[in-house]
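Chains as they are written, first to last, in the working numbering: chain E, 1 to 262; chain P, 1 to 304.
No lab work stands behind these hints: they were computed from the structure.
Certain hints may be false.
[To be verified] Distance windows between CB atoms, simulated:
| id | chain 1 | residue 1 | chain 2 | residue 2 | range |
| --- | --- | --- | --- | --- | --- |
| 1 | P | Ala-143 | E | His-79 | 48 to 58 Å |
| 2 | E | Glu-175 | P | His-228 | 51 to 61 Å |
| 3 | P | Leu-193 | E | Pro-223 | 51 to 61 Å |
| 4 | E | Pro-169 | P | Cys-18 | 37 to 47 Å |
| 5 | P | Trp-53 | E | Glu-58 | 42 to 52 Å |
What you are looking at is a predicted structure, and each value in this text was computed from that prediction instead of being measured.
We put the CB at the ideal spot given by N, CA and C, even for glycine.
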Amino acid sequence: MKVKYGLYILVAAALALSLASCGGKQTSETAPAESAQPAATPIDMSTVGAVSGTVKLEGAAPAGKKINMAAEPSCAAEHSTPATDQEVVAGDAGTLQNVIVYVKDGLGSRTFDVPKTPVELDQKGCIYNPHVVALQAGQGLKVVNSDKVTHNIHPVPQNNREWNKSQPPGAAAIEDTFARDEVSIPVKCNVHPWMKSYVAVFKHPYFGVTGKDGGFSLKNLPPGTYTIEAWHEKYGTSTQTVTIGAKESKTITFTFKATSGD
Amino acid sequence: MAQTYNRRLHVYAVFTACCTFLLLVAGALVTSNDAGLSVPDWPLSYGSVTPPWVGGIRYEHSHRVVATLVGLLTIGLAIWLGRSELRRWVRRLGYFALATVVAQGILGGITVKFFLPIPVSVAHATLGQLFFGLVVSIAIFTARWWHSDVPQAEDPGSPRAGSLAAWSVAAVFLQLILGAAFRHKGFGIVPHLIGAAVVSVLVFWTAGVLRRRFEQVPALRGSVRLLHVLLGAQLLLGGAAWWSRVWSAEFPQPMPPMVILTVAHTVVGALVLASTLGAALICRRVLGPAQHAVVGAQSQQAAL
Numbered sequence: 001m002k003v004k005y006g007l008y009i010l011v012a013a014a015l016a017l018s019l020a021s022c023g024g025k026q027t028s029e030t031a032p033a034e035s036a037q038p039a040a041t042p043i044d045m046s047t048v049g050a051v052s053g054t055v056k057l058e059g060a061a062p063a064g065k066k067i068n069m070a071a072e073p074s075c076a077a078e079h080s081t082p083a084t085d086q087e088v089v090a091g092d093a094g095t096l097q098n099v100i101v102y103v104k105d106g107l108g109s110r111t112f113d114v115p116k117t118p119v120e121l122d123q124k125g126c127i128y129n130p131h132v133v134a135l136q137a138g139q140g141l142k143v144v145n146s147d148k149v150t151h152n153i154h155p156v157p158q159n160n161r162e163w164n165k166s167q168p169p170g171a172a173a174i175e176d177t178f179a180r181d182e183v184s185i186p187v188k189c190n191v192h193p194w195m196k197s198y199v200a201v202f203k204h205p206y207f208g209v210t211g212k213d214g215g216f217s218l219k220n221l222p223p224g225t226y227t228i229e230a231w232h233e234k235y236g237t238s239t240q241t242v243t244i245g246a247k248e249s250k251t252i253t254f255t256f257k258a259t260s261g262d
Numbered sequence: 001m002a003q004t005y006n007r008r009l010h011v012y013a014v015f016t017a018c019c020t021f022l023l024l025v026a027g028a029l030v031t032s033n034d035a036g037l038s039v040p041d042w043p044l045s046y047g048s049v050t051p052p053w054v055g056g057i058r059y060e061h062s063h064r065v066v067a068t069l070v071g072l073l074t075i076g077l078a079i080w081l082g083r084s085e086l087r088r089w090v091r092r093l094g095y096f097a098l099a100t101v102v103a104q105g106i107l108g109g110i111t112v113k114f115f116l117p118i119p120v121s122v123a124h125a126t127l128g129q130l131f132f133g134l135v136v137s138i139a140i141f142t143a144r145w146w147h148s149d150v151p152q153a154e155d156p157g158s159p160r161a162g163s164l165a166a167w168s169v170a171a172v173f174l175q176l177i178l179g180a181a182f183r184h185k186g187f188g189i190v191p192h193l194i195g196a197a198v199v200s201v202l203v204f205w206t207a208g209v210l211r212r213r214f215e216q217v218p219a220l221r222g223s224v225r226l227l228h229v230l231l232g233a234q235l236l237l238g239g240a241a242w243w244s245r246v247w248s249a250e251f252p253q254p255m256p257p258m259v260i261l262t263v264a265h266t267v268v269g270a271l272v273l274a275s276t277l278g279a280a281l282i283c284r285r286v287l288g289p290a291q292h293a294v295v296g297a298q299s300q301q302a303a304l
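The following block holds chain E by itself, in its conformation from the complex (with noise of 0.2 Å):
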C-alpha cells in the first residue's frame, strides 16, 4: 500500500517538473516571413486622399486620480508632482488625448507591407510612455525599461496570443508582434499594478493616435467609402463613414461625452 502512495507521489513529481520545464506561451510569435506574407496591393498614389480631423471632449474632463508610489521610491522621485492615471487626458481647447482613430471598414481585401521599424514603448517613472500604441500586425513592439527597477509586460489580449516577460532595469528592450488585429490590447505590469497602456493592432496603414491637440490623419487613402471609427478606453468607439473621391482630402470631427459622475 505504501509502495501504491510512493509511486502516486513519484508521478506529480514528474508532472511538476514536465509543467517547470514547460514555457507556457512565453515563445514569441514571429511575423511571418517576407517570402510567405503576400504581396502588398498596388496604390495608386496618383489617386490618394486623406482624411483627417479632430477628437474632442464635451463636458469638463475629470481629473486623473493620483498614483501611490509609496511601494517603489525610485520611480515618485521621477515625478516632480504625484503621478495621476492617464485614462482621460484633455487638451486646453476641449480635445481629447490618446484617441485611436483608424480605418475599420473599406479597404477590402487589399494586403499591405508590415513597417520593419518597430513601435518604443518605454517604461520610465513607472508609467508607460506613450500610453496608447498602434501598430500594424507583425509590426514589432519593442518595450525598453529605462527605470531603475524590475518591470513586467503583460499583454492581456482577446484575440492575440498572450505573453509575460520581466525586463529588469539594464535588460536589452523586448521585442515582439502581434499577429492579428485587435482593439485594443491591455498591457499591464502586475509589479506595479497602476501601470496600464494599450496596444491597438491592425491589418493597414490607416491608423492614428491623438496628441493633446486631438489631431489625427489618415494619409494615401485610395479614393473610397471608409468607415472611420474612434475608440478611447474610457469613452468606448464613435463611427462615421466618409467618402473620398480621387485625390480629395474631408476632415471629420469625432465627439466623446463625458459622463456624469466623472
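Based on these hints, arrange chain P on the given structure of chain E.
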C-alpha cells in the same frame, strides 16, 4: 488496540493547519493586489529563490515560500501519520492531504505558465480551501478530545443535526467555489449572493438546532458560538468587500481598504468552512440515533 493520544502529533497537525491558514492569507493578497503574474517564471522566481523584493513580487514570492513550507509540513504529517497512526482512515487522510497539496502546487504552476486561465485559478482557489479543511480535520482527529471517552447523546429530532451540519459544509464549500469564480472573473456576483443566502439559512438553522437540542454538550455549544460569530462576520465582510470594490473601481491601483476587506472576506470564508466542518465532525463523534446510542459508543471506541 485503540489509538492513543499523541500530543506532539496533534500539535504538529494544528501547526500545519495554522500555516495553511497563513498560506490562504498570502494567496488572497496575491489576487487582491493583482500580483498573480508579477513573477513570470515558475517554480523559481526570476530564476532565483531570492527575487527582487519589489511591488507585486513580494506578494507572489511570499505566497510561494509559505506554500513550500506548508508542502514540507504536509510531507512530515503524512509520514508521521503513516508511521504512528493505527487508524487506517486517518493515515489515508494524511496521504490524501499530501496528494492535495502536490496537486495544489501543480495548479499554482499552471496558473503562472498559462496566464491565469479562469478555470485553473478557480480550481487553485477552491482546492486550497479544501486542503485547509483536510488539515483541520486531521487536527481534530488527532485531538485529545476525539480520543477521550466522549459521552454519546441522542438526536431524535428531524432533520438530524448531523445531516444539517453536513449539508452546511457542502453549501459553504459550494459558496467558496462561487466566490472564487467571481473573484477570478468567471461570472458575476449574483450566484455568490444566492449562495450566501442558502449558506446563511443552513448554517443558522444548524446552529439553532444544535443550541436547542444539545445545549448540555460543551463541544457542540462551542461550535454554535463559533458558527454564529464567523458567519455573522463573513456576511458583514461580504457587504464591505463589495462596497470597497465598487468604491475603488475607478482607481488606478488596488486600494488598501479593498485589499484588506477582500482578503479578510476570503480567509474568514475558510474559517467558516473549518467551523462547519468541525461542527459536522463533532456531531459525528457525539451524536447517534436513539436506538443505537449504546452500541454506537462501543463501535466508535473501536474505530477511534
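Note to self: Need the list of violated hint numbers for this structure, in ascending order.
What the structure shows: As far as the earlier hints go, not one is violated by this structure.
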